[in-house]
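Chains as they are written, first to last, in the numbering used here: chain A, 2 to 174; chain B, 969 to 1225.
Some hints here could point you the wrong way.
Said to hold, decoys possible - Derived BS3-like pairs (lysine-lysine); straight-line CA-CA distance at most 27 angstroms:
| id | chain 1 | residue 1 | chain 2 | residue 2 |
| --- | --- | --- | --- | --- |
| 1 | B | LYS1101 | A | LYS34 |
| 2 | B | LYS1101 | B | LYS1113 |
| 3 | A | LYS90 | B | LYS1200 |
| 4 | A | LYS33 | B | LYS1080 |
| 5 | B | LYS1181 | B | LYS1076 |
| 6 | B | LYS1076 | A | LYS33 |
These are calculated hints, taken from the structure and not from any lab test.
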Amino acid sequence: MRKVILLAIAAFLNAADLSQVIESPDATAILKKDALSAAKAVTMIEGCISNEPAVIARGKYIFHNLNGKDAKENPPEGLTRLLPDGKEKQMGNCVACHNIEGAKGYGNIGPDLSNYKALYMDSGARNGQFVYQKIADPRVDNAKTHMTVNLTNGLFNEREVCDLASYVMATKK
Amino acid sequence: MRLLSVTTALVCLALLSGANAEEKLSMSDADKAMYTEMLENNPAAMEVAEGEELFTSLIGQAAYAKMLGVKEKDLPKTIANFPRFVKPAGKVVTLSQTLQMAMADVGKPVLKLESKEVVKMTAYVKSLANGQKTSIDVKANPHMKEMMTLGQSVFEERRGGRGLSCNSCHSSDVIGQRLRMQPLPDLGAKETAAAGTWPAYRMTQSQMVTLDKRMQQCMKNALLAEIPLGSKEMVALEVYVTNKTKGNEIQIPGLKR
């Protein structure tokens, strides 16, 4: 008698438990690998900010393009559409959030960076190190920023961040 | 309400057709006609109908209601309450996951969440609740509370190639601003009604897409690793996003850019 009841309970539990058939993959490893390191203060390298046309051209290209694959124009010297492993190279897509001279289809989540030199640099409100840090890792200056992280997560190297900072700070047209 | 989303979509369509920023509020007559036509005649309606056929032959409303432990006539009300804790699952699940449970319960092979069949059946089952208001209850039990907390942290966690989070583009202080030329939608607003309008037909992709898939698309675009469908974190995101639009009317299939 007792055995029958136990069997009945077991059968009932079996029928009612559908947890095992639900597709429910474990995402922990994916999220761990995708995690962002803590905000990091960085100092720009010697000769970072430059007026060299080649530097400005690279900064401009990274600023206005999403990635190497979709870019309309060929990259300037020192940049490639693909990475050595054959994957597309990501660009900055800064124009998604910022207006700047010559921007097409820009967004306005971030401040307008047009006429940056006159408004922000010559006025003394900003300096090269500030711009470099902002692009490298904006969380240092604003923990809640909506801006992308560009250096401390390995998206760009130091030289590329210098290219971007040089372009933003340069006098244009 | 409808008018608002039409306007948004018209603007978006204009952007799609390669218009530059200055022209972005205008669009060709052909695009306008296409959108109006689709509003009247949503291409995904056919997929919902196919979902009905599949659901009826594979599971049926009676078996589905029984598996959920509710009366058949209470299905619309129950469906409007998802994602929710379901006893035979032992956890909080999405509508698509309940379809997997129901398939197993009636002895049918369990199809993948990604499969066309599950997507279509999900749309059909959700359409049973058309006209109802989304009624998710994130305080209903400890399971829901836990998922709401997890969903919020997944939503706010910066990660991926650009160090962005969902919140970077969907927090209240950036709503309505533009990313490139796309206005950032308020996921909780009546005219977006994110939870009540997915699965929706995406015109840019010419296919019907579920809410979790739509969120994966945002992840992909923003260089965040895609969280797999059905994972605890993905269900939690759906809980969090659905709760933002709680009270909005369910209208399946939706129509999105």
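Pair hint LYS1101 of chain B and LYS1113 of chain B, alpha-carbon separation not exceeding 27 angstroms: holds, 21 angstroms
Holds or violated: LYS90 of chain A to LYS1200 of chain B, with C-alpha atoms at most 27 angstroms apart: With Cα atoms ~32 angstroms apart, LYS90 of chain A and LYS1200 of chain B exceed 27 angstroms; violated.
Pair hint LYS1101 of chain B and LYS34 of chain A, alpha-carbon separation not exceeding 27 angstroms: violated, 38 angstroms
Pair hint LYS33 of chain A and LYS1080 of chain B, alpha-carbon separation not exceeding 27 angstroms: holds, 25 angstroms
Pair hint LYS1181 of chain B and LYS1076 of chain B, alpha-carbon separation not exceeding 27 angstroms: holds, 25 angstroms
Hinted pair LYS1076 of chain B and LYS33 of chain A, Cα distance within 27 angstroms: violated, 36 angstroms
Of the hints listed earlier, those the structure fails to meet are numbers 1, 3, 6, in rising order.
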